[in-house]
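Chains A and B, in that order, give the protein sequences.
Residue 40 is where the first sequence starts when you use this note's numbering, and the numbers rise one by one after that.
Residue 5 is where the second sequence starts when you use this note's numbering, and the numbers rise one by one after that.
In case anyone wonders, no lab produced these hints; they're calculated from the structure.
Among the hints, erroneous ones may be present.
[Said to hold, decoys possible] Calculated lysine-lysine pairs in the DSS-like style (CA-CA distance at most 30 angstroms, straight line): (1) Lys299/A to Lys247/B; (2) Lys164/B to Lys299/A; (3) Lys352/A to Lys164/B; (4) Lys190/A to Lys352/A; (5) Lys104/A to Lys69/A.
[Said to hold, decoys possible] Short, incomplete list of chain B residues facing chain A, as computed with Cβ under 8 angstroms: (6) Leu163; (7) Arg166; (8) His167; (9) His172; (10) Ser177; (11) Leu178; (12) Leu180; (13) Arg244; (14) Arg246.
[Claimed, not checked] Here are some chain B residues pointing at chain A (derived, C-beta under 7 angstroms): (15) Glu179; (16) Gly242; (17) Gly245.
Built from N, CA and C at the ideal position, the CB exists for glycine as well.
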Amino acid sequence: MEILVVGLSHKTAPIELRERLNVPESELSKPLELMGEVPELVERMLLSTCNRVEVYAVAEGEVEKAAEAIADCLAAYRNVERAAFADRLYTFVAAEAVRHIFRVASSLDSMVVGEPQILGQVKAAYAVAQAREATGIILNNLLEQAFHVAKRVRSETGIAASAVSVSSAAVELARKIFGDLTGRSVLILGAGEMAELALRHLVEDGVRSVLVANRSYDRAVTLARQFCGRAVTYEAFRQEMVGADIVISATSAPHVILKKEDMQAIIQQRRHRPIFLIDIADPRDIDPACNEVDNVYLYNIDDLQSVVEANLKERKREAERAEAIIEREVGVYMNWLRSLDVVPTIVSLRRRVEQIRDAELTKALGRMGDLTPEQRAAITAMSHAMVNKILHQPMTELKRRAAHQDGHVYTSVLRRLFGLEDKGP
Amino acid sequence: MDTDYILFYLALLGYLLGTLHYLLYIASQRPSLGRVATYTTLAGFAAHSLSLAFRVYTLGRPPLGSLYESFSVLAWAIVLIYLVTEFRYGNRVIGAFVLPLVLLAGSVAAALPRRLAELGPHLQGVGLWVHVALAILGNAAFALTFCAGLMYILQERQLKSRHPGRMHFRLPSLELLDDVSVKSLLFGFPLLTLALITGSIWAGHARGSFLPLYGRETWSILSWLIYGGLLYARLSAGWRGRKAAILAIIGFCLVLFTLIGVSLLRTGRVL
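Sequences are here, hints too, so could you generate the full structure?
Structure representation (structure tokens):
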């Protein structure tokens, strides 16, 4: 039984491929069911964000076979050729898998290290898998532990400080275009979590005028109210771009909503005042060709990575501290996992000893003739007490040893000494 | 060696140290290096001002009578305008671009012959001094426009590339650079215009012709047209950013060509 991670992320695959394999949150249960048919995958969950598509699983039997099955399911579900992403996939097993999951939840593996969205995304993906009963004791424990680690990393290191995130990277760029952001105006397209976060940063930096355009006007009004902004109708967003300095686009539109021609017309009307477009939507909202228009600066979520890399260097020390925390937590978790191996040993040992006790007690009581119920009870109690006292020391020691690297030596010796070989679960 | 030359070389030393420290500052981002850069440049500027004052005192005329003097005053004027800009915007990065130019102008001055030729009567008179002074100050302002334009293009390319590198973090914002660019242009253009007017008036008096349409004057008028066009496009058509920066760079190249190229060919003439 092994913990297994199979997937691809921004580190291995381009956004186009990630888009093709991406599974929306509402559809997560379908591929989970698909994987449920694979006997090797005892437990499983699917995490799909715009930066990664990953399956966390507990595999029985051959790990390679399980990993293959996961890749097949991903390919089959989105109708993508296996060959299209085979060399983009990574597979982590055991401690490496645990480390990966901890790093993902702690946002250390994120495109923008420290960005806070990923934890929520992992939680949501876990909730879906749990609701479908696709997870069991191991994944449940692993994910709970991952959330705990993420919280620790956030509170004990500076990597989650707002300076290293998609939104703060965008703010930094905005400052290089506009200088002081005080009094600048921002237009938000879409009212999602990412948009809200970016907006929060900009407002903290002095942006005063906030406009929100969303397909659902009510949500636009709600978000606008939070920032003392103004909701505008979605249809009017191109007109509103004439007055805005920064545009954050995060709609869930399936196609491009702003073309180069639109942008050229808008920049004419703006009298060539610079405009900063931030496209954090997946799939993209803004035609990449818009960047070719003079005084237009377009960044999509991939572009922001390069900006952030510089920030990452500044934050490297903090990240290293976070990695150290994760390393310790991986150790703690692997210990717990190893102690699991001990449990079946203890169970079969107790069963074996109970069998002996039961047989000997029956024999002894048969030879003793007539006894009062009190006497029989006293003898039975004595046999229980003896068994418990004899087993207490070896069991305690076994549990303690299990936490160490050589735990499996003790379990295997014990199994041999008591002839428990064939009775494991 | 006269006092004014010693002071001039001290000024050059100050500018050299200033240049080095501005460059070190932009490379390391250490504020202490930036302060040293400003102080050494200020010290150089003080020595330079004294040197010019001494020259005025000993010669009894403005230090605008030879190519050496003209380049020296040009360097001095660029530093003056730059220092005002630095204090106004609180940004030292521009210095890393301006100070090398100052050093260049100063070095050209140092390399030129310092002979104190008796100026002929046709090269004297308040009209000519005013013309030359205005032209030098105007060109000094354009030197700043040029540097701001150059920096704008660098920063713009960084931002457009979507993979901004180290330079991106060191350069000021586009907004600031555009602002420096337009303000120095607004300062320099009226000076250049007045220089052309006073120049043609002086030429009319000295040579009997108000139309100085030959040789160097043609180039001066061409750069005036470029800067005028740039200013017009900026103010009326909302031109800004990259195109404006490119035009400012072309304009200054023309100024440099006029200053160095034509002047050196006709060393009898000053600015």
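Cross-check of the supplied hints:
no.: 1; hint: Lys299/A to Lys247/B; in the structure: holds, 19 angstroms
no.: 2; hint: Lys164/B to Lys299/A; in the structure: holds, 15 angstroms
no.: 3; hint: Lys352/A to Lys164/B; in the structure: holds, 22 angstroms
no.: 4; hint: Lys190/A to Lys352/A; in the structure: holds, 22 angstroms
no.: 5; hint: Lys104/A to Lys69/A; in the structure: holds, 21 angstroms
no.: 6; hint: Leu163; in the structure: holds, 5 angstroms
no.: 7; hint: Arg166; in the structure: holds, 4 angstroms
no.: 8; hint: His167; in the structure: holds, 4 angstroms
no.: 9; hint: His172; in the structure: holds, 6 angstroms
no.: 10; hint: Ser177; in the structure: holds, 4 angstroms
no.: 11; hint: Leu178; in the structure: holds, 5 angstroms
no.: 12; hint: Leu180; in the structure: holds, 5 angstroms
no.: 13; hint: Arg244; in the structure: holds, 5 angstroms
no.: 14; hint: Arg246; in the structure: holds, 6 angstroms
no.: 15; hint: Glu179; in the structure: holds, 4 angstroms
no.: 16; hint: Gly242; in the structure: holds, 3 angstroms
no.: 17; hint: Gly245; in the structure: holds, 5 angstroms
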